[in-house]
Amino acid sequence: MRHLFWIVGLLIVTAGVAGAQNPSYYIRWVNYTRANGFPPGEVYCVTVDGNRVWAGTGHGLVLLEDGRVKKIFTTKDGLPGMAVMSVAVDKQTGAVWIGTFGGLSRYSGGQFTSYTNLSSGLANDLVYGVAMQGRYVWVATTAGVNRLDPYTGTWEIFNESNAPFEEPWAYGISVGAEKVYFAVWGGGVLSYDLANHYWKPYTDPDGEMELVLYRNQGLIHNIVSSVSWNPDTKTFWASTYFGLSSYDGRNWHNYLKKDSGLPSNFINAVQSRGDEVWACTQKGLSELNTKTNTWVTYRPDAKSGRGDILVSRADGSKHQMDSATTLAHNYILNLDFQGDDIWVATANGLSHGMRQTAKQSLPTQRDKPAPNGDREK
Amino acid sequence: MRTPFANSAIRGTQRTQFYLSVADLFVVSVLMLLWQPGVAAALQRRDSDAGNTLPRSKYLSPVAMQLSPDGRWLYIACEDSDQVLAVDARTQQVTRRLRVGQMPRGIALSPDGNTLYVSNENSDDVTEIDAQTFQTRQTVPVGWGPVGLTTDRSGKILYVANTLGDDISVVNLQTGRELKRLQAGHYPEYVALSRDGSRVYVANLLARIASADEPPVSELTIIDTKSETVAARVNVPGVIQMRHIAELPASAGGYLLIPFMRPKNLNPLVQIQQGWYLTHGMAVIRPAANAADGPGKYHVAEVLLDDIDRYYADGFGVAVTPNGRWALVTASGANVVSVINTAKLRRLLLSQPPARQQELANRLDAASHFVAERLPVGRNPTDIVTSSDGRFAYIADRMDDTVSVVDMETMQVASTIDLGGPKEISRQRSGERLFFDASHCYQGQMACATCHPHEGLSDGLAWSLETPQLGRDVVENRTLFSIDGTSPFKWNGKNPNLQTQDGPRTAMYIFRSQGFSSTEVNDLVTYLLALRLPRNPHLAANGQLTDAQARGREIFFRDKTMDGKLIPPLDRCYTCHSPLTHYTSRVSMDVGTATPDDTIQAFDVPQLEGVATRPPYLHNGEALELEDIWTKFNPDDKHGITSDLNKAQLNDLIEFLKIL
Chain L
746 MRHLFWIVGL
756 LIVTAGVAGA
766 QNPSYYIRWV
776 NYTRANGFPP
786 GEVYCVTVDG
796 NRVWAGTGHG
806 LVLLEDGRVK
816 KIFTTKDGLP
826 GMAVMSVAVD
836 KQTGAVWIGT
846 FGGLSRYSGG
856 QFTSYTNLSS
866 GLANDLVYGV
876 AMQGRYVWVA
886 TTAGVNRLDP
896 YTGTWEIFNE
906 SNAPFEEPWA
916 YGISVGAEKV
926 YFAVWGGGVL
936 SYDLANHYWK
946 PYTDPDGEME
956 LVLYRNQGLI
966 HNIVSSVSWN
976 PDTKTFWAST
986 YFGLSSYDGR
996 NWHNYLKKDS
1006 GLPSNFINAV
1016 QSRGDEVWAC
1026 TQKGLSELNT
1036 KTNTWVTYRP
1046 DAKSGRGDIL
1056 VSRADGSKHQ
1066 MDSATTLAHN
1076 YILNLDFQGD
1086 DIWVATANGL
1096 SHGMRQTAKQ
1106 SLPTQRDKPA
1116 PNGDREK
Chain C
3 MRTPFANSAI
13 RGTQRTQFYL
23 SVADLFVVSV
33 LMLLWQPGVA
43 AALQRRDSDA
53 GNTLPRSKYL
63 SPVAMQLSPD
73 GRWLYIACED
83 SDQVLAVDAR
93 TQQVTRRLRV
103 GQMPRGIALS
113 PDGNTLYVSN
123 ENSDDVTEID
133 AQTFQTRQTV
143 PVGWGPVGLT
153 TDRSGKILYV
163 ANTLGDDISV
173 VNLQTGRELK
183 RLQAGHYPEY
193 VALSRDGSRV
203 YVANLLARIA
213 SADEPPVSEL
223 TIIDTKSETV
233 AARVNVPGVI
243 QMRHIAELPA
253 SAGGYLLIPF
263 MRPKNLNPLV
273 QIQQGWYLTH
283 GMAVIRPAAN
293 AADGPGKYHV
303 AEVLLDDIDR
313 YYADGFGVAV
323 TPNGRWALVT
333 ASGANVVSVI
343 NTAKLRRLLL
353 SQPPARQQEL
363 ANRLDAASHF
373 VAERLPVGRN
383 PTDIVTSSDG
393 RFAYIADRMD
403 DTVSVVDMET
413 MQVASTIDLG
423 GPKEISRQRS
433 GERLFFDASH
443 CYQGQMACAT
453 CHPHEGLSDG
463 LAWSLETPQL
473 GRDVVENRTL
483 FSIDGTSPFK
493 WNGKNPNLQT
503 QDGPRTAMYI
513 FRSQGFSSTE
523 VNDLVTYLLA
533 LRLPRNPHLA
543 ANGQLTDAQA
553 RGREIFFRDK
563 TMDGKLIPPL
573 DRCYTCHSPL
583 THYTSRVSMD
593 VGTATPDDTI
603 QAFDVPQLEG
613 VATRPPYLHN
623 GEALELEDIW
633 TKFNPDDKHG
643 ITSDLNKAQL
653 NDLIEFLKIL
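Protein sequences, first through last, are from chains L and C. Just so you know, our numbering puts 972 at position 227 of the first sequence, and the rest follows in order with no gaps. Just so you know, our numbering puts 290 at position 288 of the second sequence, and the rest follows in order with no gaps.
All clues stand as given, with none of them false.
For lysine to any residue, the following SDA-like pairs were computed, each having C-alpha atoms within a straight-line distance of at most 25 Å:
1) L:Lys836 / C:Ser200
2) C:Lys299 / L:Val814
3) C:Lys299 / L:Ile817
4) L:Lys815 / C:Lys299
5) C:Lys634 / L:Thr897
6) L:Lys821 / C:Val302
7) L:Lys821 / C:Ala212
8) C:Lys228 / L:Val793
9) C:Lys266 / C:Arg507
10) C:Lys299 / L:Asp822
11) L:Lys816 / C:Ser229
12) L:Lys821 / C:Ser213
13) C:Lys182 / L:Glu923
14) L:Lys836 / C:Lys158
15) C:Lys182 / L:Gly921
Just so you have them, the derived chain L footprint on chain C, three or more residues with Cβ under 8 Å:
16) 183 to 193
17) 228 to 234
18) 627 to 637
19) 653 to 662
In case anyone wonders, no lab produced these hints; they're calculated from the structure. Just so we're clear, the structure is a prediction, and the values are computed from it rather than from any experiment. Ideal Cβ positions, reconstructed from N, Cα and C, are used throughout, including at glycine.
Chain C extracted, bound-state conformation (with noise of 0.2 Å):
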């Protein structure tokens, strides 16, 4: 007896006579290899008959900015058009454009103002230019998807945060070379220096690694530029995503702000109906005052930004007056500025009994005490600078390739700066957009991006998605990079494909709003579909494999056991992730990793492009390294037989699966 395949759904039981049909899986491969090319060339079409065929590099993406000591001029990084715009603040025009790297996504400038240091996500290198001719001097490679940087008070050091490589490069900026990297959390974004000099600060995009029915705990690194060296890292409970960084003058309290997301992912989905499932505010983090904490201590509050009924989300930018009055975040989900009374947000700390302030990171109400006011901005407003003289916020509107200028005296935007990106939209632009915003969910609470931070990444949580019993059926998110060819989608293999997962199922279980329309799915299809894994970095440039990722590769491919026994086709790596379909068979298995609270037994086999840089692994995400899924959760060899592999060819294997 055959599976029935149109129930890919294969247990344990069923695996013999699944061995049969193997040739079918190859044959069905096949078909959809076919098949996708097939419907890339439809909704090219589709995009021909709109005239709307602009490649993403046609558009800006302003992301990360700096404003010149003197004020004249804003430097703006723009991820996607790879370059670096020079506008005058004055007549806010663009006066020069420099071509950098590939995907810069951060930008700093030398204390005496005279360099701009740009970092190139893709190409991981930093960019330096002459700031008065705009001609870049040198190009530094660092480590693994630079974006974050600033230097030291000096101008000396330049310190650079790499979100691949989970580290920091330390780089003398005379000699342009690395000296070091020093290891970070995970998934470093963005750094600040701090206004004494003495610390840079690094903010983590993700939470560490860990149990995925704990909540997750972030970390704020802490480097001491004396040494250059880590001085402390700061857990930041409850929380993810924590972006750009300010400090606010010790006059002012001489917090650090930091923007964040506030996940509930192990209560149900379903709870977003009742409000307070995502939440988004900000850390507020200082130095221990009492001496007895000792050094490297730091007090860590958590306040939020949303209101009651209406979400901020994706908290992004963060800038404050030059005396602290006023601090500025951008919800980059919300396209709305707050802007917030410093003196007031301080009061509610202090008044706070220290037993009580915990409290402060979950109520909602908080925000109603120090938000002065909401400012409406352009779409996917991300990083934010104020002027040397607090009049101007200059905010950079990613979505649509402007500057929102807000004028701090009357807390208005005063112009808008058009980076002279097109004007046409694409259907792949469109789709972005709607990736970006939240207003598609219920209260606002969240957008695609929420879950899936820096453009399609997992936010490495498991989320309880799929029923309302508490702690059943709770699965790991997943990257959306490279998913092109990879149907059907969700752990349980119930998408057929992307307008299925990202239409009505979207808006009725996920953003509990009237969701998308049919043309918004397929832009966010076509933008979704678009969406790339960056080059791999395990795997050198010229494609030679190290001798442990050869000797994985052929574990991977082997058909024998060590000792020459065949091994059955389905308990073969590449059986269920089969190179031609993105190492992924696109069917669901039983692998014994199904828990007592899991419902199904069967999981879609994820692919495997990429698997290197999203930990934690397995359908609930209860792997938190590459190694536990054999040496913990395959007892049994029903996850492939790997029971004959000793350690060093255990460490081969994932050599291997870390270059894909």
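Next comes chain L alone, as it looks inside the complex (with noise of 0.2 Å):
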């Protein structure tokens, strides 16, 4: 009996030396293009909701269920506008939320139900982004944020004229326990407190330079696209189009492409959880872990078709592997996680990321070091 709790003991250490020793990389893709019937083009944004996912693209909302496309929704359907650039499903009613080039939706039912600037307490008919809050509905638009309260039906803005907006162009919203962040694009990132009703903004104190000016200044650049809550580390982070930013309530790190393993400074979108951040850059997909400091850049190689992996640790070594499937595009502009897996939206088409261990499905990687870094494509 003793020596069968030694083997099993033995067993166990050996598998967690394994694990550590294989990590585990999305190597395996599922793509949706044009080519499998998708709307060509651009995904804008894609959002999970259990097995069903939500993707926002140029030729309307798509649908998928257990991975398969199940509906395209467009104008026809009552969609607002065609180009679909936010998605937000309330966990509590089950209803979608959709953010167009036309207004804001509503699906729920089977139907929708618009919102315009004409006909609702819109504020522009521009909708960039779209969260839930509780009950409420907030919505970014070009011309400020709106919180709907559906309940009563009441529209509320917030723009330069009773919040602190440099611009009143808001792209993106992450809502947290105590605050909703906003990504302004010229406005760096502002704060919405919710118990106490006040607005905090956040930007570059250099202005719109690209300049790191001094440890700990603040956020990189005031023309943020994305804001992402972490509420595992209590960390927003920030994408801007020149570089990323986070703030943990004390502290500010910048990422440059320079000092980093981003792969370009032009983000899209980030997103966080756990230790993990995501970058949506216009040159691939990135994933820092903020534990190991390593980053993991994705992209499609444009002459084999193959994916590039490109690890990035924190003592400066570089590793490159390949895999058999990759990413749509590396022009990346939205990601959102299902459990384990990402859904990635592209510049041309939608992305299904699976994680494996590198041993177990790598069979023709090259892990070797990388040669001065970092490869532009």
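Take the two lone chains and join them into the complex the hints point to.
Put into structure tokens, the structure is as follows:
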């Protein structure tokens, strides 16, 4: 019996070591593009809702169930606009809120109800972001931010007249337990304190200069494309067109291509959970593990059609691998999580990434040091 | 030159001249105010003379019922007395009475039969009652204007349809707290739990707000009880006023039966003389049998319960016998229960090729195929329940304060249970009875309540009332709530008082019948003037305005534009919508909303009280939301100067209007 105990213990330890030696990567990809009936061109947003995935494209809203395209909704179905920029699911009611370039829409019970600038309190029909906060619906538009109370039908507008918006052009929204964060194009990040009803701006001290003037200076740039509140680390992450920033309530950290694993400073979106931070850049998808300070960047190799995986570790070492399948495009616009899987919106279709350990699934990998670090495509 | 006030239509070209007579407007408003109490006093004197001064609260008005699982107790919600009654079904005596909240309109029973839940429409809550002790356990706040309610199969979750909120409260009965609200259609009123417990069905009284020149489309909202989310929104085309819901057992087809009214509101009303103008029937709905149709798909058929020369107005309650053989539908305007042979109904539906099923919705000869009996019952029958053995059906006769008991073996009313309401009928009660009674209309096609459901609500439809020409002079229905002091009436302002509105003109142009006697007209007017808006849920209980409401009030009462220019008095909100007279100036105004299809250019200024609850807007209903009034239909600032307002300011103005 004692021998059995030691054998089991040894197996567990061995398995743990083996797992640590074989980190997992997103090396299995399924793509949804024009080739297999998906709308052509850009996928602007992706939102996971259980086994359902909502993808916003320039040609309507796509609903996937269990990995299969179930329906493509267009203006003929009641969408107020063909270009779908954001989707939020109300977990309480099951309603799906959709931001389009023709207004806001609610999809519930198979029917769309639309809200436009002319027929509702919506600030503007160009809706970039939408998010649920309890019963409230927050909407980011080019003319400020709305908060809709569906119980009363009350629309509030927040813009430069009643909040510290340097620009009213709001892009993205991320909801925390105590605050709601907004990505503002040219206006940095704004937070709204839910309990005390006050706004606070976070901006770049040097305006729109693409510089980090000093340590802990603040936001890297005021042109913020998205924001993501991480409840696990109590940090918000902001993606800009000139780098990535984070703020944990005390300290700022800025990440640039030159001193991180980012493939580009032009970042369309950021998502963060646990120790993971995902940056959707114009030259691939990057994951930062904040615990190990390891970057992994995924992008398709235009020549081979295979996947290029670049690992940049905290000690400066870099390793490059490839995979048989890869992202649909290297211009990444958005991302969402489905358990351990990721769904990625690209400039040419939607990609579903599945994580596998390297040795299990990379028989053709070239695990070798990358020449001089990063490779530009 | 002054515009003669007697010719109160003010055309756009005369606006400048009228500018000078705004003082007259104020004087007349004040006179009107002084005059109204005089009228009320006169009416009251007449009441006193007749010895009929009973307040409405003395009457019971049974409107919703539940039968205990053992069939022993009949529980009845009485909307006027704010009571729930327990009636011993054996002795047919009222044994217990319990006061609940204001205007109880719905009642539900827990699956074990031990707990009653009563929705109180005017106090926005649900009273939980121990069915054994008949004591209140707790009162649970829910949404606005709760009516229909049901528990789920476990008895742990309560679903409540909130009429004014257009939503459904989902309540955790163990904590007594509302978990969430699900968006319904328009004015959700009654609900039912499916036989298998997987769904809650919600019938919406009013059609979706949509273009006035399209037939209405109503919604059956279907909730998945597992996820407590909306699973489907089923379109029921061409109808409004869906009421109670009954589900036939699977052996009888498993159909949902929902009474409705099917209006031909876009046809000129003169057509009522040819019949088939307002028809009454029921939706027959079942889940799609074909898996290819997908989950959440439902087949919707519609059948009329009217006969060719006799109508059974204002279907309200529906129940089925336990074996599913019979379905019973109350016609609340005809004082009749129609008994439906469901096997024949099913045969009729199945015999129709799909292409012809839609025809059924308009066929007045269909009912003869499946209606077995027409049973006369008490006045204004509303809810109906059947006993678990199928022997009896109980019908709440709202305007008689009685319950009719139908013996299903003999198919006759076996007895009538007197619930103990006053025997003295006040003028107001008499008027209320008339309001619900369709017998005054040609062939019984409609009562006042047909187009003003839920006791005075606008039905949200535009009607071709004025001329016999198709498509001309179509006007939006108007509310009857709090109209005291808002004369003249009609969109053209031609009726100086309600006696004119409801007297010979109604007989001649609407009912196409002998109409009401002068006494009846006065009774009806007494009732109408007593109709009041419920508490406005947009306004805080303490009257404190939100910041947005306060800013909106400033805009409503402003006399300068945002850049400081003086706004001419006639272009200010409060001039035409004077708070002194219910936010109407009681004259007709041309605000630039007339279309080529309108004969007149100036329309009676509507009162604004309760405006948020009665879309669509403008005389022809083409403004579907309040925003539309200014964003789409006020391009030249003829409907007040509003073009200087930015979007946030317009939102504020609307927030203020919502509290009126």
